[in-house]
Amino acid sequence: MTDQKDENARLNEEHKIRMQKTQAEVRERVKAAQEERGTLIVLTGDGKGKSTSGFGTVARAVGYDMSTAVVQFVKGTWPCGERDLLKKLGVPFHVMGTGFTWDTQDREKDIAAAREAWKTCAEHLQNPDLHLLLMDELTYMLNYGYLDTDEVLSALQARPVNQTVVITGRGAQQSLIDIADTVSEVKPLKHAFEAGIKARKGVDW
114 MTDQKDENAR LNEEHKIRMQ KTQAEVRERV KAAQEERGTL IVLTGDGKGK STSGFGTVAR
174 AVGYDMSTAV VQFVKGTWPC GERDLLKKLG VPFHVMGTGF TWDTQDREKD IAAAREAWKT
234 CAEHLQNPDL HLLLMDELTY MLNYGYLDTD EVLSALQARP VNQTVVITGR GAQQSLIDIA
294 DTVSEVKPLK HAFEAGIKAR KGVDW
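Just add 113 to the spot in the sequence shown (first one is 1) and you have the working numbering.
What the hints contain is simulated information worked out from the structure, not anything from laboratory work.
Cβ coordinates follow ideal geometry from the N, Cα and C atoms, glycine included.
Take the hints with a grain of salt, since some may be wrong.
[Unchecked claim] Under the rule of at most 30 Å between Cα atoms (straight-line distance), these lysine-lysine pairs were calculated in the DSSO-like manner:
{"#": "1", "residue 1": "314", "residue 2": "200"}
{"#": "2", "residue 1": "303", "residue 2": "161"}
{"#": "3", "residue 1": "161", "residue 2": "144"}
{"#": "4", "residue 1": "129", "residue 2": "118"}
{"#": "5", "residue 1": "134", "residue 2": "144"}
{"#": "6", "residue 1": "118", "residue 2": "144"}
{"#": "7", "residue 1": "129", "residue 2": "144"}
{"#": "8", "residue 1": "311", "residue 2": "129"}
{"#": "9", "residue 1": "161", "residue 2": "118"}
{"#": "10", "residue 1": "200", "residue 2": "232"}
{"#": "11", "residue 1": "118", "residue 2": "201"}
{"#": "12", "residue 1": "129", "residue 2": "161"}
{"#": "13", "residue 1": "303", "residue 2": "314"}
{"#": "14", "residue 1": "222", "residue 2": "232"}
{"#": "15", "residue 1": "300", "residue 2": "161"}
{"#": "16", "residue 1": "161", "residue 2": "134"}
{"#": "17", "residue 1": "311", "residue 2": "200"}
{"#": "18", "residue 1": "161", "residue 2": "201"}
{"#": "19", "residue 1": "201", "residue 2": "311"}
[As the list claims (entries may be wrong)] Derived DEER-like restraints, expressed as beta-carbon distance ranges:
{"#": "20", "residue 1": "197", "residue 2": "261", "range": "57 to 67 Å"}
{"#": "21", "residue 1": "173", "residue 2": "306", "range": "20 to 30 Å"}
{"#": "22", "residue 1": "172", "residue 2": "242", "range": "30 to 40 Å"}
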């Protein structure tokens, strides 16, 4: 029993030393991060959860009584639980409304809808009172050439200094990644849909 107590004491002391070192390192990093401004966050990759993460950030900001807005590209008219909730809390939404390109099968219509949605984005990006803007699935519009990439990048870089923008979607262009402050890539390891499991209300949409 004494040997076990001695071993536990040794392990606890080693753990304490490691945690003290980690604590000191974290405090130094926090101390060094003193610049205060909004950031550009890009959530990309082929995995599930990019829009969910973006909406989570909007919900967090709303929880702190910050002004937020959402523009949804690609999305159609089907139900969206996050949108239903956040609209009740006063978050303004602009939904492109045409749905997936393989459903519309009308390039001109998609481009017109994308550019109309972008006009709303451009207005938000000039509003110094807006704390957070989510541009959901924007990357598709750039990759399809529906929006001018240079125009979008310029507007993002010229936005008010305290405004944060979250952009979601697969295949983020390198030029977008280059100007972003935070980039996360969501990778698919498994997906229920690939196993024939139907998308579930309240979980997948």
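Just pull the numbers of the violated hints for me, sorted ascending. Hint check: 3, 6, 8, 9, 11, 12, 16, 20, 22 fail, others pass.
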